[in-house]
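> Starting from the known structure of chain P, arrange chain C on it as the hints suggest.
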Amino acid sequence: MGLRPPNKRPVNTVFQSYALFPHMNVEDNVGFGLRMQKVDRSEVRERVNETIDLVQLSGLNTRRPGALSGGQQQRVALARALVNRPKVLLLDEPLGALDLKLRQTMQLELKDIQNDVGITFVYVTHDQEEALTMSDRIGVMNEGKLVQVGPSEDIYESPSNLFVASFVGDMCFLPGEIAGPGSVRLTGGEIVQAKTDSDPGTSITLTVRPEKLHLYGDMSEPPPGRNVVKGTVSRRTFYGDSLSYEVGIGASGSFDVTVENKPGMRRWEVGDEVVVDFHPEAAAALAE
Amino acid sequence: MLSGESSTVEAANPRLERSAQRRESWRGFLHAVPAYVYLVVFFMLPLIIVFVFSFASRGRTGKPVLEGWNVDSWARLSEPLVRTITTRSVVIAILNTVFCLVIGYLFAYWIATRRKQSTRNFLLILVLIPFWSNFLVRTYAWRMLLDADGYITQLGELTGLWSRLLFTETAVFIGLLYGYLPFMVLPLYAAIERIDWSLVEAGRDLYASGAMAFRKITLPLSRPGIIAGSILVFIPSLGAYVTPDILGGAKTTLLGNFIVTQFGAARNWPFGSAVSGAILIVMLLATIVYFRTGGRTI
Numbered sequence: 001m002g003l004r005p006p007n008k009r010p011v012n013t014v015f016q017s018y019a020l021f022p023h024m025n026v027e028d029n030v031g032f033g034l035r036m037q038k039v040d041r042s043e044v045r046e047r048v049n050e051t052i053d054l055v056q057l058s059g060l061n062t063r064r065p066g067a068l069s070g071g072q073q074q075r076v077a078l079a080r081a082l083v084n085r086p087k088v089l090l091l092d093e094p095l096g097a098l099d100l101k102l103r104q105t106m107q108l109e110l111k112d113i114q115n116d117v118g119i120t121f122v123y124v125t126h127d128q129e130e131a132l133t134m135s136d137r138i139g140v141m142n143e144g145k146l147v148q149v150g151p152s153e154d155i156y157e158s159p160s161n162l163f164v165a166s167f168v169g170d171m172c173f174l175p176g177e178i179a180g181p182g183s184v185r186l187t188g189g190e191i192v193q194a195k196t197d198s199d200p201g202t203s204i205t206l207t208v209r210p211e212k213l214h215l216y217g218d219m220s221e222p223p224p225g226r227n228v229v230k231g232t233v234s235r236r237t238f239y240g241d242s243l244s245y246e247v248g249i250g251a252s253g254s255f256d257v258t259v260e261n262k263p264g265m266r267r268w269e270v271g272d273e274v275v276v277d278f279h280p281e282a283a284a285a286l287a288e
Numbered sequence: 001m002l003s004g005e006s007s008t009v010e011a012a013n014p015r016l017e018r019s020a021q022r023r024e025s026w027r028g029f030l031h032a033v034p035a036y037v038y039l040v041v042f043f044m045l046p047l048i049i050v051f052v053f054s055f056a057s058r059g060r061t062g063k064p065v066l067e068g069w070n071v072d073s074w075a076r077l078s079e080p081l082v083r084t085i086t087t088r089s090v091v092i093a094i095l096n097t098v099f100c101l102v103i104g105y106l107f108a109y110w111i112a113t114r115r116k117q118s119t120r121n122f123l124l125i126l127v128l129i130p131f132w133s134n135f136l137v138r139t140y141a142w143r144m145l146l147d148a149d150g151y152i153t154q155l156g157e158l159t160g161l162w163s164r165l166l167f168t169e170t171a172v173f174i175g176l177l178y179g180y181l182p183f184m185v186l187p188l189y190a191a192i193e194r195i196d197w198s199l200v201e202a203g204r205d206l207y208a209s210g211a212m213a214f215r216k217i218t219l220p221l222s223r224p225g226i227i228a229g230s231i232l233v234f235i236p237s238l239g240a241y242v243t244p245d246i247l248g249g250a251k252t253t254l255l256g257n258f259i260v261t262q263f264g265a266a267r268n269w270p271f272g273s274a275v276s277g278a279i280l281i282v283m284l285l286a287t288i289v290y291f292r293t294g295g296r297t298i
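Keeping their order, the protein sequence lines are chains P and C.
When you line the first sequence up against the numbering used here, it's residues 1 to 288, in that order.
When you line the second sequence up against the numbering used here, it's residues 1 to 298, in that order.
Check the hints yourself; a few may be wrong.
Said to hold, decoys possible - Mimicking DSBU-like on lysine-lysine, the simulated pairs with C-alpha atoms at most 35 Å apart in a straight line are:
#1 P/8 to C/116
#2 P/212 to P/111
#3 P/262 to P/212
#4 P/111 to P/145
#5 P/8 to P/87
#6 P/145 to C/251
Claimed, not checked - What follows is a set of in silico ranges between Cβ atoms, one per label pair, in the way DEER data are often shown:
#7 P/238 to C/209: 56 to 62 Å
#8 P/238 to C/122: 55 to 61 Å
#9 C/211 to P/16: 48 to 54 Å
#10 P/49 to C/45: 55 to 61 Å
#11 P/63 to C/122: 37 to 43 Å
#12 C/211 to P/46: 23 to 29 Å
#13 P/287 to C/214: 50 to 56 Å
In short, the hints are calculated from the structure, not lab data.
Ideal placement from N, C-alpha and C gives every residue a C-beta, glycine not left out.
Bound conformation, chain P alone (with noise of 0.2 Å):
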């Protein structure tokens, strides 16, 4: 596939500001690419009808995109690369334009119709949520380059270098050293259990999640072999679903900690002194 000029390539691309042809209406639109490979006309009506049907455009056929919402835009544009059968169709920010409920919803569409057609998607987004729920394999690309490719879960759990840590999801840094095999020294002193392959005297940074980290008002709380951390609460930011605490650890920086609102859950306030507590298997120290 490499060796062939990109225009001979079975590849098909979804732009991500659709490219539709203005002067030509939606039947037309999705059988360019068929017409342009001197496919036979009824077939190409066929297909192009049964694209249409598959994207759930049925009866705007003679629509121009003018006339058409966003949405409806999108579905237009997907359909006119489905339609050749491309080994791979890329995807480029597909739905980067729509809004919010629309994009969720064609999120799951785009992966209901990937399904049917069984071909591989390969698709560009900024988004990282929208790169969790919908792929198999995420690669993290960084100035160019490839990062780390792997499952979802990989990238999220495991992330390989501090880039990929930043750019999915939260994360709190925290700057130290190695200070001996799975041990880790925070700039204040403060020692911890982390995952690493770093060795001792290397200076790393400590990356956990937001949502691995739990509060206790006393140290005796935590249940035993977990990491424990002193600090005040120096913010707090409600988002309805969740409440946010920034938890300042002296000269080791802070965490964030995200605390699910739930029924019986203890509320802290600025000023608060409590005890922030990990897993070590949730925590991992990465090299510069």
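Chain C in isolation, oriented as in the chain P frame:
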């Protein structure tokens, strides 16, 4: 109390809106009054006068007489001389439009696809510069170039391809092409520059060759420019007067010169008026047909 108030407001709304609309359209009309007055006095009225004169008769000294109304002048339009001149004019106007379109499209496309805005502006200014000098002066410049000792004639004689071109149909054609090319380039540039090139990219992604992508995407999307440019070139080419007069000599009479002769040397105002009126009516009909057949859509 409150509900009563809101209901009166609702009831008053449509009336308010209508009166606001009326005021809006009245204000719009006021804005347009100077233009209306100008067009009626300096455009409509003279045209009506021309039209009226075409039914007048010619006095013994050639002075138009506003009595003895007849359609003789209109009947004369079928004379062989008129037909020859009309055919020649139409052919030259069509050829000029086609040549302007081909050359203008290539040039406009080239300008519109330059990456830097400053480069595009510079090239556009090159197109516009001739506009800033007098048309007569430029036409006389061509006369010198095409005359016996002109550079273009010398070049032709050197290569053995042509001799003196002045006072031939070719000279008129060259002059018209030169004169009206900018009218083609500018609307084409405006249309091509607006094209979203990701559409061409999409076409290429959908297996179109470069030529196919041009034919199916770029060309249809530049249609507004093609139409506007063609109208802007064809209409004045058909009625051209200065260029054929200076570069064509007495040999190549076009409609414009013919009309001038009728009003001048021939002293036959009614006939000149009839020829003018006929051209106007044909043009008007053509324009109406064009707009009726959906010329306004992309």
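> Using the beta carbons of residue 211 of chain C and residue 16 of chain P, state whether their distance is inside 48 to 54 Å or not.
26 Å, violated
> How does the Cβ-Cβ distance of residue 211 of chain C and residue 46 of chain P compare with 23 to 29 Å: does it lie in that range?
Given a distance of about 28 Å, which is inside 23 to 29 Å, the answer is holds.
> Can you confirm whether the C-alpha distance between residue 111 of chain P and residue 145 of chain P stays at or below 35 Å?
The given pair, whose Cα atoms are some 26 Å apart, holds under the 35 Å limit.
> Between residue 8 of chain P and residue 116 of chain C, does the CA-CA distance stay at or below 35 Å?
Status holds; Cα separation ~31 Å.
> Keeping to a limit of 35 Å between CA atoms, is the pair of residue 262 of chain P and residue 212 of chain P held or broken?
Distance ~16 Å between residue 262 of chain P and residue 212 of chain P Cα, so the pair holds.
> Does residue 87 of chain P sit within 35 Å of residue 8 of chain P, going by the straight-line distance between their CA atoms?
Roughly 12 Å between the alpha carbons, so the hint for residue 8 of chain P and residue 87 of chain P holds.
> Does 55 to 61 Å hold as the CB distance between residue 49 of chain P and residue 45 of chain C, or does it fail?
Holds: the Cβ-Cβ distance is about 59 Å, inside 55 to 61 Å.
> Indicate whether the distance between the beta carbons of residue 238 of chain P and residue 122 of chain C respects the range 55 to 61 Å.
58 Å, holds
> Take a quick look at whether residue 212 of chain P and residue 111 of chain P sit within 35 Å of each other, Cα to Cα.
It holds: about 29 Å lies between the C-alpha atoms, which stays within 35 Å.
> Note whether the CB distance of residue 63 of chain P and residue 122 of chain C lies within 37 to 43 Å or breaks it.
At 42 Å between Cβs, range holds.
> Is it true that the C-beta distance of residue 238 of chain P to residue 209 of chain C lies inside 56 to 62 Å, as the hint says?
Roughly 59 Å apart at Cβ, these two residues keep to the hinted range, so it holds.
> Does residue 251 of chain C lie within 35 Å of residue 145 of chain P when you go C-alpha to C-alpha?
73 Å, violated
Checked against the numbered hints above, the structure violates hints 6 and 9; every other hint is satisfied.
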